[in-house]
Amino acid sequence: MNSWLYGLYALILGLVSIVTGEIITFVMLGLILMSLQNIHSTLKQILMAQKEQN
Numbered sequence: 187m188n189s190w191l192y193g194l195y196a197l198i199l200g201l202v203s204i205v206t207g208e209i210i211t212f213v214m215l216g217l218i219l220m221s222l223q224n225i226h227s228t229l230k231q232i233l234m235a236q237k238e239q240n
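Heads up: the sequence shown at position 35 corresponds to 221 in our numbering, and the numbers run straight through without jumps.
If you are wondering where the hints come from, they were derived from the structure by calculation, not from laboratory data. Among the hints, a few may not be true.
Across the chosen pairs, the derived CB separations fall in these ranges [stated by the list, open to error]:
{"no.": "1", "residue 1": "214", "residue 2": "239", "range": "35 to 41 angstroms"}
{"no.": "2", "residue 1": "238", "residue 2": "209", "range": "42 to 48 angstroms"}
{"no.": "3", "residue 1": "225", "residue 2": "199", "range": "17 to 23 angstroms"}
{"no.": "4", "residue 1": "240", "residue 2": "213", "range": "37 to 43 angstroms"}
{"no.": "5", "residue 1": "237", "residue 2": "211", "range": "36 to 42 angstroms"}
Positions of the beta carbon are idealized from the N, C-alpha and C atoms, including for glycine.
Whenever a hint applies, use it, and build me the whole structure from the sequences.
Shown next, in the form of structure tokens:
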């Protein structure tokens with residue numbers, strides 16, 4: 187998924203959280219999303235390194 191899609195999702199979640207008044211939930215979801223993105227990119231790098239060795 188492209189990084190601009192993550193930005194779009196963050197914008198939509200931000201607007202919904204402002205309307206509903208759940209700003210803390212938005213911050214927590216943002217932190218979780220960033221953590222998952224970092225894990226995903228690390229796993230992709232490991233996969234690419236293993237494919238190069240074989």
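For each hint, the structure was consulted:
1. 214 with 239: 35 to 41 angstroms: holds, 38 angstroms
2. 238 with 209: 42 to 48 angstroms: With Cβ atoms ~44 angstroms apart, the hint holds.
3. 225 with 199: 17 to 23 angstroms: holds, 19 angstroms
4. 240 with 213: 37 to 43 angstroms: With a Cβ separation near 42 angstroms, residue 240 and residue 213 satisfy 37 to 43 angstroms, so the hint holds.
5. 237 with 211: 36 to 42 angstroms: holds, 39 angstroms
Hint compliance for this structure: every hint is met.
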